[in-house]
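J.: Given the sequences, and given the hints that come with them, work out the whole structure.
In the order they appear, the protein sequences are chains A and B.
Residues in the first sequence are numbered consecutively from 992, following the numbering used here.
Residues in the second sequence are numbered consecutively from 22, following the numbering used here.
In case anyone wonders, no lab produced these hints; they're calculated from the structure.
Be a bit skeptical, because a hint or two may be false.
Facing chain A, from chain B, some residues (calculated, C-beta under 7 Å) [stated by the list, open to error]:
hint, residue
1, Gln95
2, Asn98
3, His101
4, Cys105
5, Leu150
6, Pro247
7, Tyr339
8, His356
9, Ala373
Listed next, the stretches of chain A that the computed footprint assigns to chain B, with coverage defined by at least 3 CB atoms under 8 Å from CB atoms of chain B [what the hints assert, rightly or not]:
hint, stretch
10, 1118-1129
11, 1158-1164
For glycine and all other residues, C-beta sits at the position ideal for the given N, C-alpha and C.
Residues per chain, in single letters:
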Amino acid sequence: MHIVVCMKQVPDSAQIRVHPVTNTIMRQGVPTIINPYDLFAIEEALRLRDTFGGEVTVLTMGPPSAEDSLRKALSFGVDRAVLLTDRFFAGADTLATTYALATALRKIGAEFGPPDIVFTGKQTIDGDTAQVGPGVAKRLGLIQLTYVSRINSVDTDKRLIEVERRAEGGVQQLQSRLPCLITILEGVNEIRVGSLMDALKAARATLIKWSAQDAGVEDITKCGLRGSPTIVKKVFAPQPRAQKAELIELGDNPGDALIDALFQRQPKLEGELEKLARGY
Amino acid sequence: MSDATKAPAASGRAATKKALPEHLKSYKHVWVFVEQERGQAHPVSWELLGAGRVLADKLGVDLAAVVVGAKNEQTQNVVHEAFCYGADLAYLVADDLLKDYRNESYTKALTDLVNAYKPEILLLGATTLGRDLAGSVATTLLTGLTADCTELDVDAEGSLAATRPTFGGSLLCTIFTLNYRPQMATVRPRVMPMPERVEKLVGRVIEHPLGLVEDDIVTKVLAFLPDRESSKSNLAFADVVVAGGLGLGSPENFQLIRQLASVLGAEYGCSRPLVQKGWVSSDRQIGQTGKTIRPKLYIAAGISGAIQHRVGVEGADYILAINTDKNAPIFDFAHLGVISDAVRLLPSLTEAFSKRLSPHQRDRLAS
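T.: Structural data, given as structure tokens:
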């Protein structure tokens, strides 16, 4: 079984600060990490490989420094890492990103065997779009299974897969066919601690680095900023609330004092809360 | 959508706006995809009809609802509701193959409609269904898609300006799709106000065939397991929400949040770290990667109020924050604050509420 995981190196959003004057992200000193949602995809891929045998390849598009995250993935026990890096890819929106990734996935298929499953995380924590997975699936003509919370079975002979998919208001049990693209839901597994052997291998491994040309990109105008139909026209920081919270002291009877303070400021709440408590 | 990391680079190109290519000039009108799962319309669809109404009026065009579903009375009801929430007309693909949401069949239905009737703007809810579908449709049409928007407008030239948070809400960016049609956006639920429902007759409905047979669709739905009522979190729609964060100190103390919520008839939630620690299940998470809430009252106990949390609760009418750290960011956007240890204050607050709201509530506390 050949499984490919598309992953992304992202700035750790918890540590992001916005420059108050220029409204740009201050990147200095902000550590980069594997997009946390992608870790669930990597672990799920490794589990399938452990069960069915085969190989796991990780693919990322990004600057040369994304090598760090690929090595991290190798340390979990991934077999092969491909870095798609080229200045032509810079400034890509989701449509241009899916063009580049789909092209690289075709090349991976040609060189290392066609993937049976392509995994992605649910979304990234920097872009938050959740659209690259579906876009890649569409471009490659793969069946798309998003928000998968559980893989119930894989039949490699019959080329069938059964999954549970988080839908609005319930869970869909789906049967579909390989090859497919799965975006995996967070929290479905926990990324393993790689073995010492894998850590050593990861440090020494030679990454596969492809430029647009290496990956087989035929139309460079479909990549990066030029290939992006969307345009970011304005970037701005959210407006801070003019007023900070009114801080109050509560005496000996803090519960009642707090409720008094609350109802004094929001008289309507008293009636609303009473209604709600009664109706419950 | 464009990645905001590249925003400064993009601004140069944005200035060179070209005239819309000739073949795209026929794209007219604002469409809202009305999301329904098994005959149940998702409220975000009505919110979108409200937002779409504003855009359509500014552009002087029609607002159309797109309904895709099984050929039955429930689907007809959804069409009727769409008119009551402000649609001028509706496009309908009704086929029993569309009973359950499946990417393949729904993508075909929506893509075919777009190609046949050419809308200039197409809006969907940023739900699991909407995001699954929008990505496929936009890639098929090779057009731009802006994900998870929180604000929509049209500029002086009639282009859709879609604003969305990025980097976990630290920044907002406004994104355009200038030379492609339709301009697509998914919109976060519970952000746009719910329009008033006005009883109306069903207006003009344009039906379009699906053009598939079951054998054409690879994916089969074996079962649909609805969320159990008891475990279903109704956070997004609750009038009162009580949530706890790391300040609670231990998983056992989360019980204090549940008790207060129970007395208030409220929903309970938590900040992201509690989910990461495994104290609370992820469907209770409030914030950027969790639920967006819009209650009348939000009580945040032991939550510091990082930006990721803030973006999920800013729609609350009134925020009461309890935290030991007077410099916690939660006090920057809460309305009322108490500098106190939530673990000590909550029991007293719960007891006081239970006495005041209705005496029999005390029994529930005891159980």
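J.: Hint by hint, say whether it matches the structure.
T.: Here is how each hint holds up against the structure:
Hint status for B/Gln95: violated, given a least beta-carbon distance of 14 Å to chain A, over 7 Å. Below 7 Å, beta-carbon pairs count as interface contacts, and B/Asn98 has none with chain A, the closest being about 17 Å; its hint is therefore violated. A distance limit of 7 Å between C-beta atoms decides the matter here; for B/His101 the minimum to chain A is near 21 Å, and the interface restraint is violated. Contact between B/Cys105 and chain A, as hinted, is not supported at the beta carbon level, the nearest pair being about 21 Å apart and thus beyond 7 Å.
Proximity of B/Leu150 to chain A holds as hinted, the smallest CB-CB distance being about 6 Å (cut-off 7 Å). Given the 7 Å rule on beta carbons, the hint for B/Pro247 holds: about 4 Å separates it from the nearest Cβ of chain A. A least Cβ separation of about 6 Å between B/Tyr339 and chain A falls short of the 7 Å threshold, and the interface hint therefore holds. Checking B/His356 against chain A: minimum C-beta separation of about 6 Å stays under 7 Å; hint holds.
For B/Ala373, the interface hint holds, the least distance from its beta-carbon to any beta-carbon of chain A being 3 Å, beneath 7 Å. Interface restraint, the stretch 1118-1129 of chain A with chain B: holds (11 residues with C-beta to C-beta distance below 8 Å; minimum three). Against chain B, the stretch 1158-1164 of chain A contributes 7 residues with a C-beta closer than 8 Å to a partner C-beta. That satisfies the three-residue criterion, and the hint holds.
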